[in-house]
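Protein chains: 2
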Amino acid sequence: MNMRKNIPVDFSNVEIRDSFWSPRLDTNRKNTIPTVYAWSEKTGRIDAWKWKPGMKNKPHHFWDSDVAKWIEAAAYSLEKNPDKNLERQIDHVVDLMGAAQLKDGYLNSFYIKLHPKKRWTNLRDMHELYCAGHLIEGAVAYFTATGKRKFLDIMLKYVDHISRTFGRKPGQKRGYCGHEEVELALLKLYNLTGDKKHLELAEYFINERGQKPNYFSIEAKKRGDTGHWAFFGGKENYDYYQAEKPVRQLDEALGHAVRAGYLYSAMASLAAETNDKALFETCKRLFDNILSKKMYITGGIGSKKHGEAFSYEYDLQNETAYAETCAAISLVFFSYRMLQLEQKSVYADVMERALYNGVMSGVSLDGKAFFYSNPLSAYPHPGNMLEEHVKPERQKWFGCSCCPSNVARLLASLGSYIYMKGEDEIRVNLFISSSASIDIKGNPVLVSQKTNYPWDGSVSLEVSPQTPAEFKVCVRIPGWCRKYSIKVKGANIKFSIVNGYAIIKRKWSSGEKIEINFEMPATLVEADPRLRHDCGKVAIQRGPIVYCAEEADNGKHLYDVAIDVTHPGFVVNSDNSILKGAVAIVANACRRKDAGWKGQLYRPCESKLEKFRLKAIPYFIWANRKPGEMAVWLNRG
Amino acid sequence: MNMRKNIPVDFSNVEIRDSFWSPRLDTNRKNTIPTVYAWSEKTGRIDAWKWKPGMKNKPHHFWDSDVAKWIEAAAYSLEKNPDKNLERQIDHVVDLMGAAQLKDGYLNSFYIKLHPKKRWTNLRDMHELYCAGHLIEGAVAYFTATGKRKFLDIMLKYVDHISRTFGRKPGQKRGYCGHEEVELALLKLYNLTGDKKHLELAEYFINERGQKPNYFSIEAKKRGDTGHWAFFGGKENYDYYQAEKPVRQLDEALGHAVRAGYLYSAMASLAAETNDKALFETCKRLFDNILSKKMYITGGIGSKKHGEAFSYEYDLQNETAYAETCAAISLVFFSYRMLQLEQKSVYADVMERALYNGVMSGVSLDGKAFFYSNPLSAYPHPGNMLEEHVKPERQKWFGCSCCPSNVARLLASLGSYIYMKGEDEIRVNLFISSSASIDIKGNPVLVSQKTNYPWDGSVSLEVSPQTPAEFKVCVRIPGWCRKYSIKVKGANIKFSIVNGYAIIKRKWSSGEKIEINFEMPATLVEADPRLRHDCGKVAIQRGPIVYCAEEADNGKHLYDVAIDVTHPGFVVNSDNSILKGAVAIVANACRRKDAGWKGQLYRPCESKLEKFRLKAIPYFIWANRKPGEMAVWLNRG
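Protein sequences, first through last, are from chains A and B. Okay, so the first sequence: first residue is 1 according to my numbering, each after it adds one. Okay, so the second sequence: first residue is 1 according to my numbering, each after it adds one.
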């Protein structure tokens with residue numbers, strides 16, 4: 001039984017030719033994937049599998065995952081853009097892994113090379129299963145792209161080892177990983193192999209999580225480890241790991257945001273595979289909790305530096321936002337899986353919000369530098385160094401360098417997120433110029449999408465079934481859109497709206513066009529009054545794009561800028577100065593004249609206001625010029 | 001040579017009978033001083049001097065200072081309100097100290113009882129001279145109040161020991177304390193004894209500070225201590241201790257705010273004693289740096305939790321403000337000493353601002369609970385516990401309990417801050433109903449002040465020289481005041497304004513009255529646009545009192561409240577509900593109606609505004625009801 005109603009149309013069946021995305025994907029392929037490899041090599045991550053005492057760059061316990069995500073990204077890239085050199089690089093790494101793998105299937109460079117007797121003794125902290133999960137995803141991707149089995153076989157052997165090691169049978173460890181990932185990877189593997197063992201192992205890890213007595217406590221006791229809880233204020237609490245209680249009891253997004261996002265994604269996938277309504281209800285609760293209480297306007301999640309974690313409800317500070325790039329990516333994953341279970345546009349809305357804002361802000365336009373944290377305002381000052389996670393510039397690499405390869409693999413597989421299909425319907429979730437071949441009841445339908453989205457709200461969809469047939473085309477009406485029109489073959493048509501999708505049911509013949517126009521005005525956005533950090537402020541959004549003001553365009557004291565909310569006087573301009581084809585927005589604003597403050601910090605309100613035309617640029621392209629102030633939320637004027 | 005132009009009129013010559021202050025001083029005497037003693041006793045601070053192995057409550061290295069400040073407060077109190085029981089308590093403690101003092105004069109409970117061989121080996125961290133300084137202040141106060149010499153003699157012996165131990169002669173340690181305090185204490189002692197040795201020792205400690213090679217480095221090396229710098233981001237830098245460079249080179253207020261305030265106070269006193277213009281210029285630079293870049297509107301200083309320290313310029317966050325009560329007190333001390341050097345009203349303005357706001361907020365109205373940090377906005381939530389210094393309620397005591405006794409000693413000596421005198425002038429700095437006997441060229445002048453300040457701007461000063469004489473009465477025109485009138489014997493008079501003081505020069509006969517009226521409207525205040533945390537916001541101030549809004553009066557979502565800055569519609573009301581005689585201010589405000597937010601955090605601006613009458617109360621009486629939201633800065637509407 002499979003509760004999944006909407007089957008993703010995999011990117012292998014989708015060709016993207018988009019004025020916005022194609023240059024980004026080219027940059028990803030030409031710059032990001034190579035730069036991730038180069039840094040992985042330089043820092044010892046590649047050679048970790050052949051490390052020997054005396055060599056520098058001792059393996060680190062999460063390095064395997066970085067390389068695995070690079071392989072996954074590279075494999076996706078290969079599928080669309082064959083590249084012998086890249087394939088050789090992957091094969092080289094696979095060979096190293098094959099040579100390193102132990103006879104019993106175990107594969108982890110850190111433990112094999114440094115602590116062979118300690119493997120599986122600290123699931124809480126040491127990321128062994130997390131690394132395994134990313135390796136599995138890499139192996140699935142590489143097999144799918146090339147048909148080469150070596151890496152997949154290595155991982156199947158490792159998964160067998162993991163299956164033998166973990167479970168509820170006598171002699172097995174009743175553990176699960178402190179950093180979720182292996183669960184969703186096993187579900188991907190199951191989709192490839194159809195082997196129930198893979199499904200059951202994922203199911204075991206998910207269901208065992210948070211059971212009492214807590215495995216992490218048992219394990220820590222065995223190690224004689226008592227020092228851990230200082231980080232959590234001295235209290236034994238496993239919320240950080242989403243392991244304080246069994247997963248079906250979760251009702252608030254808590255703890256490390258990336259771990260949470262990966263777990264929730266796996267839970268949604270498992271619910272689909274096993275028709276588990278209770279688990280699906282849990283996922284809905286958690287999604288709603290994020291959506292209505294814990295998500296930045298950029299789709300960023302996890303506002304706290306401490307634990308890279310979700311803070312309490314409605315606590316989304318801007319300048320010190322953590323909002324890790326990987327966390328926004330995990331929200332894309334989670335939304336994508338929820339959308340497979342339930343065709344509600346809100347899931348695609350969140351996916352789109354995160355993708356176009358909080359994910360894309362994570363990578364520079366040249367694809368070679370990255371944000372780990374994605375703050376919503378910036379005040380670069382050496383004195384801000386204490387908040388060392390907040391950088392005014394993207395960095396080339398990190399000690400903990402999870403984000404670069406994560407962006408790379410998401411972009412390289414972007415095609416998968418555009419379309420889904422049901423039994424007799426095609427679902428259009430994202431608006432990206434592309435063509436897709438989608439099978440509807442044995443009838444191949446070519447969908448060809450043309451748009452200048454996100455800069456323009458016109459979308460043309462050409463629907464070409466091989467044989468004329470009746471089916472539904474379901475087009476998402478974005479949550480940001482208040483007014484739109486839909487025509488088929490130039491004429492207004494009847495359609496219903498169900499859960500945010502326009503359902504166009506008719507008999508389709510080859511080459512019939514749907515013309516959609518989403519009106520896309522620049523819009524002032526407000527935040528829930530409980531979200532204290534944004535009270536008294538507004539943000540500018542147009543279509544899915546959240547805007548920000550930068551010092552480079554507007555000078556200093558951005559915190560003092562107020563938008564004229566009554567007469568914003570928006571002018572929407574094409575602006576190629578930072579990114580070709582991008583759209584800037586100009587608005588009426590004012591700030592205080594900076595005069596007469598010598599020798600005092602406070603005085604009766606007497607400042608004159610200076611009116612000026614504020615220029616806002618898309619948030620995701622901020623910090624591509626010299627470092628300066630930035631603000632998404634501006635005062636109401 | 002003494003550069004001090006303005007001699008303070010000591011509180012022994014001043015009687016306060018004030019509707020605002022007298023109840024506060026009574027509470028200080030009846031509740032705060034006893035509660036500090038009770039907690040000191042309960043926690044082992046009193047018995048530290050007779051601690052023996054096996055007893056609980058091992059002495060802690062800064063405990064002596066807490067007891068010393070209690071003695072100082074109690075001594076000031078005794079002077080005005082003889083109390084045999086209190087005097088016995090002090091004598092008991094003095095006896096314990098006398099018994100504990102070593103033959104060579106050394107006196108520190110922590111080192112004597114626990115580490116006798118380690119004394120003077122860690123001046124950087126261990127507060128020995130800091131404790132000595134507070135004990136000296138206590139001894140000076142107790143001798144002045146009672147004429148009893150025992151404590152003073154103990155301390156003179158200890159100071160002799162310190163004099164022998166520290167200095168530039170062969171065999172002496174060229175050290176100084178990591179926590180300044182002994183410097184200003186020695187200058188007080190010098191004012192009592194006239195013994196040059198005491199002046200010279202203070203001078204040595206001040207001048208040696210920050211010289212190269214740095215004593216703290218030398219000392220740490222001797223101890224084999226290398227672990228210290230993690231706290232400071234791994235960099236060897238002594239700004240935290242104001243010891244990165246010699247004091248005359250200081251130009252920015254940096255490091256631990258209380259230490260800085262005490263050092264600057266000592267520097268100002270030393271400049272006065274030694275006519276040291278370079279040192280005075282340094283003090284002016286530092287004062288200006290605080291005034292124009294580093295002070296909260298409440299007079300709080302030291303915004304950072306990390307190191308209880310000054311942050312960089314214009315970095316004064318509100319919700320997580322450190323703004324330690326002791327730091328505001330140190331600013332009172334520093335301003336007070338600057339005012340002795342230079343009769344500029346700005347010093348008295350700062351003194352007044354800190355006193356009526358950031359100091360008085362540190363103690364509850366019943367005098368039995370205290371804030372260590374004094375944030376400018378509060379959002380009580382268990383999730384805010386990570387910022388553990390920010391409390392929504394005053395606490396009865398602290399592990400590091402410097403603030404309670406510090407408030408107590410300041411209030412018990414408040415009379416000293418009201419008047420100063422020059423050769424032929426009387427200076428009125430603070431407006432507090434009181435009478436003072438001030439000698440002008442051998443002619444005793446009785447000044448009698450009557451006012452309902454800070455609730456009302458009318459001040460009546462009756463000037464009664466024993467013999468009619470010509471001299472000046474200099475009345476401070478507060479920085480907050482834009483309009484005022486001054487009459488003598490009911491008639492407008494001619495007066496000049498010099499550095500913010502109205503100079504009334506005439507021949508005075510007994511009983512002549514000066515009637516001053518400072519117009520005291522409720523006023524909206526803005527902050528420098530560089531102060532990003534207050535941009536887009538205003539505060540309400542009336543006279544010297546900074547106001548705040550509390551949840552108890554205004555409901556939740558205070559962050560969303562906007563004041564109508566164009567038509568504030570202020571109504572100033574007497575309001576006895578929290579504090580008898582206090583004045584509340586009502587103003588036009590609005591906030592968004594809280595509707596329609598289910599399932600979303602962001603939406604196009606469409607909220608309706610709800611107008612309401614905001615009630616603001618004096619900041620210093622916040623949190624005297626049940627915990628709730630509070631905000632000093634409110635949005636501009």
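It is worth saying that the hints were derived from the structure and are not from the lab. Please read these numbers as outputs of a predicted model, since none were measured by experiment. Every residue gets a Cβ at the ideal spot worked out from N, C-alpha and C, and that includes glycine. Hints may be right or wrong, so weigh each one.
What the hints assert, rightly or not - Derived, one-sided and incomplete: chain B residues facing chain A with beta-carbon distance under 10 Å:
#1 E15
#2 I16
#3 K293
#4 H381
#5 P382
#6 H533
#7 D534
#8 K537
#9 D575
#10 L579
#11 R592
#12 K593
#13 G599
#14 S607
#15 N635
#16 G637
Hints versus structure:
no., hint, in the structure
1, E15, "33 Å, violated"
2, I16, "28 Å, violated"
3, K293, "7 Å, holds"
4, H381, "6 Å, holds"
5, P382, "7 Å, holds"
6, H533, "8 Å, holds"
7, D534, "9 Å, holds"
8, K537, "8 Å, holds"
9, D575, "23 Å, violated"
10, L579, "24 Å, violated"
11, R592, "5 Å, holds"
12, K593, "9 Å, holds"
13, G599, "5 Å, holds"
14, S607, "6 Å, holds"
15, N635, "3 Å, holds"
16, G637, "8 Å, holds"
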